[in-house]
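**Q** Spelled out, the chains give:
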Amino acid sequence: MNLLINAIRKNLNYLILVSVILLIAPAAFMKLNLPFPANALFLCLMYAIMAMAWNLLAGYGGQLSIGHAVFFGVGAYTTMILMLYYQVTPWVGIFVGGFVAAITGLALGIPLFRLRSHWFTLATIAVGEIFKLVFITWEWVGGSRGLQPPIAKSDWEALYFIQYAGPYVYVYIALGVLALELLVLYLVVNSKIGFYLQAIREDEDAAMSLGVNPFNYKMVAMFISAFFTGMGGGLYTIRFRFVDPFAVFDLITISVYITVAGIVGGIYSFIGPVVGSFVFVPVSEYVRAQIVSRFPRFYGLHVFVLGVLLLIISLIAPDGIMGWLEKKGVVKRRVAIPVEEVE
Amino acid sequence: MLLEVKGVVKRFGGLVAVDDVSFDVDKGEIVGLIGPNGAGKTTLFNVISGFYKPNKGKVIFKGIDVTGKRPYEMARLGLGRTFQIVKPLMGLTVAENVAIGAMIKYPDASEALRKALEVLEFTGLYDKRFALARTLNLAEKKRLELSRALAMEPDLMLLDEVIAGLNPTEVDMVLDLLKEVNRKGITILMVEHVMRAVMNISQRIVVLHHGQKIAEGTPEEVANDPKVIEAYLGREEL
Chain B
1 MNLLINAIRK
11 NLNYLILVSV
21 ILLIAPAAFM
31 KLNLPFPANA
41 LFLCLMYAIM
51 AMAWNLLAGY
61 GGQLSIGHAV
71 FFGVGAYTTM
81 ILMLYYQVTP
91 WVGIFVGGFV
101 AAITGLALGI
111 PLFRLRSHWF
121 TLATIAVGEI
131 FKLVFITWEW
141 VGGSRGLQPP
151 IAKSDWEALY
161 FIQYAGPYVY
171 VYIALGVLAL
181 ELLVLYLVVN
191 SKIGFYLQAI
201 REDEDAAMSL
211 GVNPFNYKMV
221 AMFISAFFTG
231 MGGGLYTIRF
241 RFVDPFAVFD
251 LITISVYITV
261 AGIVGGIYSF
271 IGPVVGSFVF
281 VPVSEYVRAQ
291 IVSRFPRFYG
301 LHVFVLGVLL
311 LIISLIAPDG
321 IMGWLEKKGV
331 VKRRVAIPVE
341 EVE
Chain A
344 MLLEVKGVVK
354 RFGGLVAVDD
364 VSFDVDKGEI
374 VGLIGPNGAG
384 KTTLFNVISG
394 FYKPNKGKVI
404 FKGIDVTGKR
414 PYEMARLGLG
424 RTFQIVKPLM
434 GLTVAENVAI
444 GAMIKYPDAS
454 EALRKALEVL
464 EFTGLYDKRF
474 ALARTLNLAE
484 KKRLELSRAL
494 AMEPDLMLLD
504 EVIAGLNPTE
514 VDMVLDLLKE
524 VNRKGITILM
534 VEHVMRAVMN
544 ISQRIVVLHH
554 GQKIAEGTPE
564 EVANDPKVIE
574 AYLGREEL
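Going down the list, the sequences are from chains B and A. Per the numbering used here, residue 1 is the first one in the first sequence, and the count goes up by one each step. Per the numbering used here, residue 344 is the first one in the second sequence, and the count goes up by one each step.
The shape of chain B in the complex, shown without the other chains (with noise of 0.2 Å):
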């Protein structure tokens, strides 16, 4: 707690500038009528909790998971199921959605982590597909249809259901799933937890003679990466009000997307999946309707811009922008320091 004090106070010019302008920006992108800038904030910030999340698992565990789909699927999907079938409000249900994508995680985890480096990688790329391949086939999930919420008649189901026009509310509510992310991010990955992960990243047997036992530190990592993760797939849920398997489960916008975000921002720093997310969405969102929409013969040229782009930062930061911008000096690498040194 007093670390997390300690980084508040140290950081707090920054927190509250960046702060103010999230607050404010939705409602002046409300207030001016302006949907697209909107929505390519609320999916910056969706893919922003995911690549942080994914980041626990991928770069403070070295455990590169390729299938994070599987979780933002699960966590989708049982949003929309609670609100569908069990009128269950997504208040609740997108943690109901983490906290089943999460008991999945643990499931996959006792065979993925059977496997080590780029054999994990390719499991966690097969049951990504694999995933997509029942749901398609589950006729009570809706098979290839998907699934539509029912449609919001007053204002109390409006609340309920959550369910607004155009864009603006999701983004608060995203910023606060974002927020609670990071609050339990920054704890656990100052804790024991944190330092164990990165530990087995560098080397599992000088970890294990350590007392580390790598699977149950790899397990606590998937519960977490997973649960926040199924988050953002109930956030996408109650923005977009429908839920297929082709995109809740797919491997490039979501698998892929957000290991380039996180590789783009930096896996070895803890805000670097954000600042990734903040570069590469925007990016890759007025590519695909400024351009792409315009002329739907190049119709995918915004993943091809996005290959562009991880191209460029792997040959000129293969750190990431973060570890770029601690190289240049602009921002210092976080040490572990103790609280009295701290001065």
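Hints were generated in silico from the structure; no laboratory data involved. Please read all numbers here as calculations on a predicted model, not as lab measurements. Note that the Cβ used here is the ideal one computed from N, Cα and C, for glycine as well. Since no wrong hints were added, every one of them can be taken at face value.
Partial pick of chain B residues on the chain A-facing surface, computed with a CB cut under 7 Å: (1) 191; (2) 192; (3) 199; (4) 202; (5) 203; (6) 206; (7) 208; (8) 209; (9) 210; (10) 211; (11) 212; (12) 213.
Once you have looked at the hints, place chain A on chain B.
**A** What follows is chain A alone, placed relative to chain B:
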């Protein structure tokens, strides 16, 4: 008896790396484990610390049968070790490396960090505390491994060639350090190639050759043992 190794056999396919080796280590001792290259010293270390399961035999630590226990379980029981080929956590700082070792006894991160700095002051790496482990030279990396194991506050430390590759000044520094560690009540079992060092510091020496124990005794006894001389220098042809 702190550690008892009883008839341990470890085979890799057809190769018998450790062949029916037994010896004890008493609390408070410094025991040297020597032998020519390929004698099975590191394999035996890996069996004791839980990285390998022996094909036969038993390892008893603090009176508990720990045969086949996993490395992290051994660590929690009070066994610290270093690696012959050093394994620092390269992307982390020196202080973070050592703090991770300390977390086994001090789960609170800032307490572990405080403990780590204490250990680093003791081992002489304090000035490097915020350096990334990958920027250290070999001597410093070895000292880092030692610091990390020390931070675990173990009962027994297995040191796998912490001296090999150091220059004479550094050797003396590490030897003094080990004596100091031992005085604090930590038992040491060390594999070492540098004879001068092992002979100087060990109270007792176990000699392995081709996976078998060929001698055991004080440094003088072992140094004059014809079987040991033969293993190191070869048989005199008549």
